[in-house]
Amino acid sequence: DVKVTQSSRYLVKRTGEKVFLECVQDMDHENMFWYRQDPGLGLRLIYFSYDVKMKEKGDIPEGYSVSREKKERFSLILESASTNQTSMYLCASMGGGLNTEAFFGQGTRLTVV
Amino acid sequence: GENVEQHPSTLSVQEGDSAVIKCTYSDSASNYFPWYKQELGKRPQLIIDIRSNVGEKKDQRIAVTLNKTAKHFSLHITETQPEDSAVYFCAADSGNTPLVFGKGTRLSVIA
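Quick note, the sequences are listed as chains A and B, same order. Each residue of the first sequence is one higher than the last, beginning at 1 in the numbering used here. Each residue of the second sequence is one higher than the last, beginning at 1001 in the numbering used here.
Heads up, a few of these hints could be off.
Capping the alpha-carbon separation at 30 Å, the derived lysine-lysine pairs in DSSO-like fashion look like this [to be verified]: (1) K3/A x K1042/B; (2) K57/A x K1058/B; (3) K1058/B x K55/A; (4) K3/A x K1057/B; (5) K1057/B x K71/A; (6) K57/A x K1103/B; (7) K3/A x K1058/B; (8) K1022/B x K1037/B; (9) K1103/B x K13/A; (10) K1058/B x K1103/B; (11) K1057/B x K57/A; (12) K57/A x K1037/B; (13) K55/A x K1103/B; (14) K18/A x K1042/B; (15) K1103/B x K3/A; (16) K18/A x K1103/B; (17) K57/A x K1042/B; (18) K13/A x K1022/B; (19) K1068/B x K70/A; (20) K1071/B x K57/A; (21) K3/A x K18/A; (22) K71/A x K1037/B; (23) K1037/B x K55/A; (24) K1037/B x K3/A.
Here are the simulated distance ranges between beta carbons [to be verified]: (25) N1053/B x Y50/A: 34 to 40 Å; (26) Q1060/B x K53/A: 41 to 47 Å; (27) S8/A x A1070/B: 41 to 47 Å; (28) E101/A x L1040/B: 17 to 23 Å; (29) Y50/A x L1046/B: 17 to 23 Å; (30) N84/A x G1001/B: 22 to 28 Å; (31) S65/A x G1041/B: 25 to 31 Å; (32) V1054/B x E17/A: 46 to 52 Å; (33) E1039/B x Y10/A: 14 to 20 Å; (34) T5/A x G1001/B: 46 to 52 Å; (35) A1070/B x S7/A: 25 to 31 Å; (36) S7/A x G1095/B: 19 to 25 Å; (37) I77/A x V1020/B: 16 to 22 Å.
Far from chain B, by Cβ distances over 12 Å, these chain A residues were calculated [unchecked claim]: (38) Q6; (39) R68; (40) T83.
Honestly, the hints are just simulated from the structure, not real lab data. All C-beta atoms, glycine included, are put in the ideal place defined by N, C-alpha and C.
Just need the whole structure built from these sequences, with the hints factored in.
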């Protein structure tokens, strides 16, 4: 059973803070993704990675960066958190080719005050 | 890039009735179309998918149809039950770029 685990379920941070969201998967998947989920906007792709140390921008990368130093871990970094980054963040992983099932983490609800 | 439109955004049905959610996509290279269900407070999970070499796929009460010419695909849920209440997302994937999701449909099944 694939497990994708996000480090926090809820986070409250102050404007301007540097925020790290961690995601770990245990199925040796090559592909990992960070999505942002907002009501009425669905799941929007922030960044993704096909392999260790590789990263690609998604549709809304502004204000975010990522790190993938190990295959199982994909981190999302908010360099200077702003209130418009208050959202639900979902990590996902996918093995093999891209035409396969995506497994999601439980989500991190981030509030920036 | 790929663009996926999903309708309706909300849907209410009586228990036992059918529900249909429709999606269109823009990239003719897309060849994989999964559907995810997200129950309240939980993570999205795959419920059914279809590839471009088939036109329809069924799994018990759920079915998905694909029309490649028109670039649209639909999710059909028959004999709806309260536990079908959730947000449903369609997605499209060409195999060369990540999944692109629709904006979601909130389905409410009224007992």
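Hints, verified against the model:
{"no.": "1", "hint": "K3/A x K1042/B", "verdict": "holds (14 Å)"}
{"no.": "2", "hint": "K57/A x K1058/B", "verdict": "violated (35 Å)"}
{"no.": "3", "hint": "K1058/B x K55/A", "verdict": "violated (36 Å)"}
{"no.": "4", "hint": "K3/A x K1057/B", "verdict": "holds (27 Å)"}
{"no.": "5", "hint": "K1057/B x K71/A", "verdict": "violated (34 Å)"}
{"no.": "6", "hint": "K57/A x K1103/B", "verdict": "holds (20 Å)"}
{"no.": "7", "hint": "K3/A x K1058/B", "verdict": "holds (27 Å)"}
{"no.": "8", "hint": "K1022/B x K1037/B", "verdict": "holds (14 Å)"}
{"no.": "9", "hint": "K1103/B x K13/A", "verdict": "holds (27 Å)"}
{"no.": "10", "hint": "K1058/B x K1103/B", "verdict": "holds (23 Å)"}
{"no.": "11", "hint": "K1057/B x K57/A", "verdict": "violated (33 Å)"}
{"no.": "12", "hint": "K57/A x K1037/B", "verdict": "holds (26 Å)"}
{"no.": "13", "hint": "K55/A x K1103/B", "verdict": "holds (25 Å)"}
{"no.": "14", "hint": "K18/A x K1042/B", "verdict": "holds (27 Å)"}
{"no.": "15", "hint": "K1103/B x K3/A", "verdict": "holds (25 Å)"}
{"no.": "16", "hint": "K18/A x K1103/B", "verdict": "holds (29 Å)"}
{"no.": "17", "hint": "K57/A x K1042/B", "verdict": "holds (26 Å)"}
{"no.": "18", "hint": "K13/A x K1022/B", "verdict": "violated (38 Å)"}
{"no.": "19", "hint": "K1068/B x K70/A", "verdict": "violated (39 Å)"}
{"no.": "20", "hint": "K1071/B x K57/A", "verdict": "holds (26 Å)"}
{"no.": "21", "hint": "K3/A x K18/A", "verdict": "holds (27 Å)"}
{"no.": "22", "hint": "K71/A x K1037/B", "verdict": "holds (27 Å)"}
{"no.": "23", "hint": "K1037/B x K55/A", "verdict": "holds (27 Å)"}
{"no.": "24", "hint": "K1037/B x K3/A", "verdict": "holds (17 Å)"}
{"no.": "25", "hint": "N1053/B x Y50/A: 34 to 40 Å", "verdict": "violated (25 Å)"}
{"no.": "26", "hint": "Q1060/B x K53/A: 41 to 47 Å", "verdict": "holds (43 Å)"}
{"no.": "27", "hint": "S8/A x A1070/B: 41 to 47 Å", "verdict": "holds (43 Å)"}
{"no.": "28", "hint": "E101/A x L1040/B: 17 to 23 Å", "verdict": "holds (22 Å)"}
{"no.": "29", "hint": "Y50/A x L1046/B: 17 to 23 Å", "verdict": "holds (20 Å)"}
{"no.": "30", "hint": "N84/A x G1001/B: 22 to 28 Å", "verdict": "holds (23 Å)"}
{"no.": "31", "hint": "S65/A x G1041/B: 25 to 31 Å", "verdict": "holds (28 Å)"}
{"no.": "32", "hint": "V1054/B x E17/A: 46 to 52 Å", "verdict": "holds (49 Å)"}
{"no.": "33", "hint": "E1039/B x Y10/A: 14 to 20 Å", "verdict": "holds (18 Å)"}
{"no.": "34", "hint": "T5/A x G1001/B: 46 to 52 Å", "verdict": "violated (30 Å)"}
{"no.": "35", "hint": "A1070/B x S7/A: 25 to 31 Å", "verdict": "violated (43 Å)"}
{"no.": "36", "hint": "S7/A x G1095/B: 19 to 25 Å", "verdict": "violated (31 Å)"}
{"no.": "37", "hint": "I77/A x V1020/B: 16 to 22 Å", "verdict": "violated (41 Å)"}
{"no.": "38", "hint": "Q6", "verdict": "violated (9 Å)"}
{"no.": "39", "hint": "R68", "verdict": "holds (15 Å)"}
{"no.": "40", "hint": "T83", "verdict": "holds (22 Å)"}
Violated hints, in rising order: 2, 3, 5, 11, 18, 19, 25, 34, 35, 36, 37, 38; the structure is consistent with all others.
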